[in-house]
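**Student:** Sequence:
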Amino acid sequence: KKQGTVTFYMYLAKKVLCEYDKIELHALGNAMNLAVMTAESLVRNKYATIDIVKTDTVYIKGRNGYDLPRAKTIIYMTKGEGFEKAMSEYQDQQKERKRAQIAKTKDQADDSQGMNGTNIEKDDDEEKKSVEKEKDP
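Following our numbering, the numbering of the sequence shown begins with 1 at its first residue and continues without gaps.
Just to be clear, a hint being listed does not mean it is correct.
What the hints assert, rightly or not - Pair ranges (Cβ atoms, derived):
1) Y76 / K106: 38 to 48 Å
2) M37 / E96: 21 to 31 Å
3) K46 / I102: 21 to 31 Å
4) T5 / I74: 16 to 26 Å
Keep in mind that the hints were calculated from the coordinates and are not lab data.
Note that the structure is a prediction, hence the values are computed from the model and not measured.
Even glycine gets a Cβ: it sits at the ideal position worked out from N, Cα and C.
Whole structure, please, built from the sequences with the hints as guidance.
**Tutor:** Encoded structure:
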């Protein structure tokens, strides 16, 4: 089972913060590191501020039927004052990345067409000359 990435959870958090002013990040066990890194990234990039961090121990039924203790963290966050500006800058960066990617793809396509066309023509000319030499004694 693959865990998500900080980038993915930041994306989801930003989507939620576009609609609401508050967000809660819940995490159990090993996922706590991911939740903390996500919260820290949201704060660092001015998308949100941390209000409260709560920890608890919850019990989950194990395979053998016994209750197993697991650490749980809840991070309560509020939309940051610079959220709109940060989102606008992020969207501008995304647009620029897409433009650069399209230009790069177009350049690569142009390069490969030019090289392949030239090579094919040269190969055809060389093949014709060799066939003509074989015919002429």
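**Student:** If a hint holds in the structure, say so; if it doesn't, say that too.
**Tutor:** Hint-by-hint comparison with the structure:
1. Y76 / K106: 38 to 48 Å: holds (46 Å)
2. M37 / E96: 21 to 31 Å: holds (26 Å)
3. K46 / I102: 21 to 31 Å: holds (29 Å)
4. T5 / I74: 16 to 26 Å: 21 Å Cβ-Cβ, so the 16 to 26 Å window holds.
Violated hints: none; the structure is consistent with every hint.
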